[in-house]
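As they're listed, the protein sequences go chains V and W.
Using the numbering used here, read the first sequence as starting at 1 and increasing by one per residue.
Using the numbering used here, read the second sequence as starting at 1 and increasing by one per residue.
Take the hints with a grain of salt, since some may be wrong.
As the list claims (entries may be wrong) - Below, a list of computed lysine-lysine pairs in the BS3-like style, where the Cα atoms sit at most 30 Å apart:
#	chain 1	residue 1	chain 2	residue 2
1	V	Lys68	W	Lys52
2	V	Lys5	W	Lys57
3	W	Lys13	W	Lys52
4	V	Lys5	V	Lys68
5	V	Lys112	V	Lys68
6	V	Lys37	W	Lys52
7	V	Lys37	V	Lys56
8	V	Lys54	V	Lys71
9	V	Lys68	W	Lys22
10	V	Lys68	V	Lys54
11	V	Lys112	V	Lys54
12	V	Lys112	V	Lys37
13	V	Lys56	V	Lys5
14	V	Lys71	W	Lys57
15	W	Lys22	W	Lys52
16	V	Lys54	W	Lys13
17	V	Lys5	V	Lys54
18	V	Lys37	W	Lys22
19	W	Lys57	W	Lys22
20	W	Lys57	W	Lys15
21	V	Lys56	V	Lys71
Derived by calculation from the structure, the hints in this document are not laboratory data.
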Amino acid sequence: DQQVKQNSPSLSVQEGRISILNCDYTNSMFDYFLWYKKYPAEGPTFLISISSIKDKNEDGRFTVFLNKSAKHLSLHIVPSQPGDSAVYFCAAKGGATSGTYKYIFGTGTRLKVLA
Amino acid sequence: AAGVIQSPRHLIKEKRETATLKCYPIPRHDTVYWYQQGPGQDPQFLISFYEKMQSDKGSIPDRFSAQQFSDYHSELNMSSLELGDSALYFCASSPGGLEEQYFGPGTRLTVT
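Model the full structure from these sequences, guided by the hints.
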């Protein structure tokens, strides 16, 4: 039972254009969401997060949008750069009321930015 | 800035052997998490510790055990290794479990 889903296993985008990575979740108890970037043989690197009380968070070229009613979040990268090529994981965390702080990861989307 | 340190980075063991993975969290981080990532899979949460006490448990097999020590480093002990245990094992740390988790580089375990 995958509580966090990334339905696109891969995505190719031209350099300079927008990359949009999507993530859906099923558990309404999740109250904190994150995007991680992962290169081969390295640990995930934190990119950007969003609390469930917000619907948008922006950090430089990265913007995360949260639609709680649809249980959907997305990561926008503008403009995309070849160095952004990596696997992107979204992760969700249950808050204090759920009694757990562990992350549930999505299955990842491999982004390839073409020069 | 100091990051999460994991050792060893690579480990090769035979079936039925034991393995111990170590994790040194970022200074002043009191919470440690262990994740297992199989080939082509997403990271799966195994277990976490807060202030040296187990705080959460995920899909950790009974053959595995873990603990957090007084200096906040953590060790994951794996016994009776099976071929399916071959994976990347990540440790992450956070201050109090309320913030983003910062991941180490992982230990690649290969069971032959």
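Consistency of the hints with the structure:
no., hint, verdict
1, V:Lys68 - W:Lys52, "35 Å, violated"
2, V:Lys5 - W:Lys57, "21 Å, holds"
3, W:Lys13 - W:Lys52, "28 Å, holds"
4, V:Lys5 - V:Lys68, "15 Å, holds"
5, V:Lys112 - V:Lys68, "28 Å, holds"
6, V:Lys37 - W:Lys52, "29 Å, holds"
7, V:Lys37 - V:Lys56, "19 Å, holds"
8, V:Lys54 - V:Lys71, "13 Å, holds"
9, V:Lys68 - W:Lys22, "38 Å, violated"
10, V:Lys68 - V:Lys54, "9 Å, holds"
11, V:Lys112 - V:Lys54, "29 Å, holds"
12, V:Lys112 - V:Lys37, "12 Å, holds"
13, V:Lys56 - V:Lys5, "20 Å, holds"
14, V:Lys71 - W:Lys57, "25 Å, holds"
15, W:Lys22 - W:Lys52, "15 Å, holds"
16, V:Lys54 - W:Lys13, "46 Å, violated"
17, V:Lys5 - V:Lys54, "20 Å, holds"
18, V:Lys37 - W:Lys22, "23 Å, holds"
19, W:Lys57 - W:Lys22, "18 Å, holds"
20, W:Lys57 - W:Lys15, "25 Å, holds"
21, V:Lys56 - V:Lys71, "14 Å, holds"
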